[in-house]
Amino acid sequence: MPPAVVPTAIERDSRTIPGGTRQLLTLVDGDEVPAILLLPASARAVPAALLLHGYTSRKERMAESLGMALLRHGVGSLSVDLPLHGEREGGLEGMSGRNPFELVQRWRLAMREVGLSLRYLAAHPGVDHERLALVGYSLGSFLAVMAAAEQPLARVVCLAAGGDLPTEMPFGALLRTVVDPTRA
2 MPPAVVPTAI ERDSRTIPGG TRQLLTLVDG DEVPAILLLP ASARAVPAAL
52 LLHGYTSRKE RMAESLGMAL LRHGVGSLSV DLPLHGEREG GLEGMSGRNP
102 FELVQRWRLA MREVGLSLRY LAAHPGVDHE RLALVGYSLG SFLAVMAAAE
152 QPLARVVCLA AGGDLPTEMP FGALLRTVVD PTRA
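All you need for this note's numbering is the position in the sequence shown, starting with 1, plus 1.
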């Protein structure tokens, strides 16, 4: 069943592309989350995947590579800019690895936005809410594993280049209390 609370999306641009449509969106839930929705041309609802990029990457990289490959196979995708990435305000340059509370706050924001993005996909009329996937690359793998443990909407999880927190990371033990994909 699709989620009861449907996130708001503002369409910034929409165009037809070979095999379907490409929409630039902003998901709104307190914060604004820039996103790219790729949907295949289909008379019925299609399976879809939420694509989560790696550290220092952006939604375009996921949409233009994996998203386009999925589109050719009749699968929709939603790629989002995680906090401090892509179009998001602030940027990674301003982040300090020495402030664990800021890192924890950003992680919790990212987790909330992954849930928001999954709910958006599940409620979209062109998407089959019974066939949703989470796909994560690197940092996105951490998020995908933890979100899958919390979100019953995702039926499939696909991870690439996942790993563990660097052992030399300042406040690593504290961060592990919040960011621990092996526990999830």
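Just to be clear, a hint being listed does not mean it is correct.
What the hints assert, rightly or not - Computed spacing ranges between beta-carbons, pair by pair:
{"#": "1", "residue 1": "N100", "residue 2": "A44", "range": "45 to 55 Å"}
{"#": "2", "residue 1": "D32", "residue 2": "P126", "range": "21 to 31 Å"}
{"#": "3", "residue 1": "A174", "residue 2": "E131", "range": "36 to 46 Å"}
{"#": "4", "residue 1": "G20", "residue 2": "R184", "range": "37 to 47 Å"}
{"#": "5", "residue 1": "G31", "residue 2": "V179", "range": "15 to 25 Å"}
{"#": "6", "residue 1": "D181", "residue 2": "T17", "range": "19 to 29 Å"}
{"#": "7", "residue 1": "A162", "residue 2": "T17", "range": "15 to 25 Å"}
{"#": "8", "residue 1": "V158", "residue 2": "A44", "range": "37 to 47 Å"}
{"#": "9", "residue 1": "F102", "residue 2": "R132", "range": "37 to 47 Å"}
{"#": "10", "residue 1": "N100", "residue 2": "A46", "range": "40 to 50 Å"}
{"#": "11", "residue 1": "A44", "residue 2": "D165", "range": "36 to 46 Å"}
{"#": "12", "residue 1": "F102", "residue 2": "R45", "range": "42 to 52 Å"}
{"#": "13", "residue 1": "C159", "residue 2": "R45", "range": "18 to 28 Å"}
By construction, these hints were calculated from the structure, which means they are not laboratory data. As the structure is a computational prediction, the values presented were derived from the model and not from experiment. Beta carbons: idealized from backbone N, C-alpha and C, even for Gly.
Hint-by-hint comparison with the structure:
A hinted range of 45 to 55 Å for the beta carbons of N100 and A44 is consistent with their spacing of about 51 Å. At about 24 Å, the CB distance of D32 to P126 agrees with the hint of 21 to 31 Å. For A174 paired with E131, a C-beta distance near 40 Å keeps the hint of 36 to 46 Å intact. Range check, G20 to R184: about 39 Å between beta-carbon atoms, so the 37 to 47 Å window is met.
Between G31 and V179 the beta carbons are some 20 Å apart, a value that agrees with the proposed interval 15 to 25 Å. The supplied range of 19 to 29 Å is broken by D181 and T17, whose beta-carbon atoms lie about 43 Å from each other. With their beta carbons about 32 Å apart, A162 and T17 fall outside the hinted range of 15 to 25 Å. The hint said 37 to 47 Å for the Cβ distance between V158 and A44, and at roughly 28 Å that hint is violated.
Under the hint 37 to 47 Å, the C-beta atoms of F102 and R132, about 38 Å apart, fit the expected range. Checked against the hint of 40 to 50 Å, the pair N100 and A46 passes, with Cβ atoms roughly 44 Å apart. Checking the proposed 36 to 46 Å range against A44 and D165 shows it holds: the Cβ atoms sit about 44 Å from each other. For F102 and R45, the hinted distance range of 42 to 52 Å is satisfied, since their beta carbons lie about 47 Å from each other.
Evaluation of the 18 to 28 Å hint for C159 and R45 yields a pass: the beta carbon distance comes to about 23 Å.
Checked against the numbered hints given earlier, the structure breaks hints 6, 7 and 8 and satisfies all the rest.
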